[in-house]
Structure formats: C-alpha cells, structure tokens
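Student: Sequence:
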Amino acid sequence: MAANPERRAQLADAGLRVLGADGARRLTHRAVDREAGVPLGTCANYFPTRDELLGALGARIFERLAPDPGRLEALAGRTPSVDLYIDYMRYLVERTTAQPDLTVALMELRLESRRSPGLAEVLGATLSRNYRLDVEFNDAAQLPATALEVALLHYAIDGLLLDLLTTSIGADATPDELVTELVTRLLGRAGTGPLSSPREPRAE
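For the sequence shown, this note's numbering assigns the number 262 to the initial residue and increments by one for each residue that follows.
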C-alpha cells in the first residue's frame, strides 16, 4: 500500500490542509485520515512516524511549488545576466506568494524542526537537496552567481517571503523592487531601481 504515489500525495495534501488550519501541534495521523476521508490507520501505514509524516509534507510542498516548465523555457532562452537572475527570483516570489498556505506551511515545518530532531533530519535533507539543485541549475544556465551567492539569495528571499506572508515591517517598496535590490546588491552590480544608490560594480 505504501508504494502508491497517488495515495501518498493525497495524504500529504490533506496533512498540509490540517497544518495550515490547525498548526503543527494538531497534526496527527488520525487528523490526516479524517481530512483525507480515508479509513483510520491509512496515514500511519504510509508514514509510520510523525517525523516521516512531517517530512513528507515538506517534500510535497516543493512538488506543488515546482516552476512551470513553459516559464522556465522562456527564461532559459535569454542571455545569462544579472537581469535574468532578477527575473528568475521574481518568478520564484510570484509562485510562492501565489500559494501562500504552502509557503507558510514550510515555515511552520522549519520551526517545528527545532523541537523535533527526526523532522530536522528529514526536512534538512530536503532543503539541502533543493539548494544543491539550485546551484547545479545556476551553473548549467551559466548564471552569474557562486554557490555561496546562491545560498545568500536563499536567505534573503526567505526573509522577504516571511515579511510578505506574515506581519510586515512595512518598508515602502514593492516586492519587485525589493527582489531587484537583493539580487543586484548580492551579485555585486549597482541596482537600477528606485531604491538604488550609485556604487562601483564588482571587479571580475
């Protein structure tokens, strides 16, 4: 039974709905079974421990937030540059804020992992794998960022998403303006948006 990917996805989606409505503390196997409308015990057959269930939710979030191949193809047809990197990051923010419940659920899982070593191990592996895939994509696309800069952009965009989807600090700037400044400043080129101040470009 546990090898059925459609049922796993169904249970994970039900778990995400429970997580979004009631928080991590109320996420139980029985709650997922009820939400999914399946016999009690089904969720436990697929995810025997709570950490496995929570880890599966993290993996499912990334599946559902995956980029549209058509959008990626259009971006990939352009010349690699900082401007192209900005548009990749704008698309990332667009698709993660378009499904705010999923993005907030991932934030909740990361907080819960502080209290659960088992979840930290499973979720950490998922996050690390996605970071490595981002670095590989960056290198294959010849985008102008080092592995460290990819990590810095992760940290920066995660902070921006936290502000956009929870209580904001109220900065007077649009998400597009903020993405532009984050990318241009981290990649060492003077920004071009209304928040920019002149500075020297990074020596290559």
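FYI, nobody ran anything at the bench for these hints, they're computed from the structure. Glycine included, each C-beta is placed from N, C-alpha and C at the ideal position. Accuracy of the hints is not assured; some may be wrong.
Unchecked claim - Computed Cβ-Cβ distance ranges for the label pairs, DEER-style:
| hint | residue 1 | residue 2 | range |
| --- | --- | --- | --- |
| 1 | Asn306 | Ala434 | 44 to 52 Å |
| 2 | Met368 | Gly431 | 14 to 22 Å |
| 3 | Pro309 | Ala434 | 29 to 37 Å |
| 4 | Glu438 | Ala335 | 16 to 24 Å |
| 5 | Asn306 | Ala337 | 22 to 30 Å |
| 6 | Leu423 | Asp283 | 14 to 22 Å |
| 7 | Ser429 | Asn265 | 36 to 44 Å |
| 8 | Asp419 | Gly302 | 31 to 39 Å |
Student: All hints are to be evaluated individually against the structure, with a verdict given for each.
Tutor: Hints, verified against the model:
As the Cβ distance of Asn306 to Ala434 is approximately 49 Å, the hint placing it in 44 to 52 Å holds. Restraint check, Met368 to Gly431: a C-beta distance of roughly 19 Å satisfies the suggested window 14 to 22 Å. At about 46 Å, the CB distance of Pro309 to Ala434 disagrees with the hint of 29 to 37 Å. Taking the beta carbon of each, Glu438 and Ala335 are about 23 Å apart, inside 16 to 24 Å as hinted.
For the pair Asn306 and Ala337, the beta carbons lie near 41 Å from each other, so the given range of 22 to 30 Å is not met. For the pair Leu423 and Asp283, the beta carbons lie near 21 Å from each other, so the given range of 14 to 22 Å is met. Range check, Ser429 to Asn265: about 41 Å between beta-carbon atoms, so the 36 to 44 Å window is met. Our hint of 31 to 39 Å for Asp419 and Gly302 holds, since their Cβ atoms are close to 36 Å apart.
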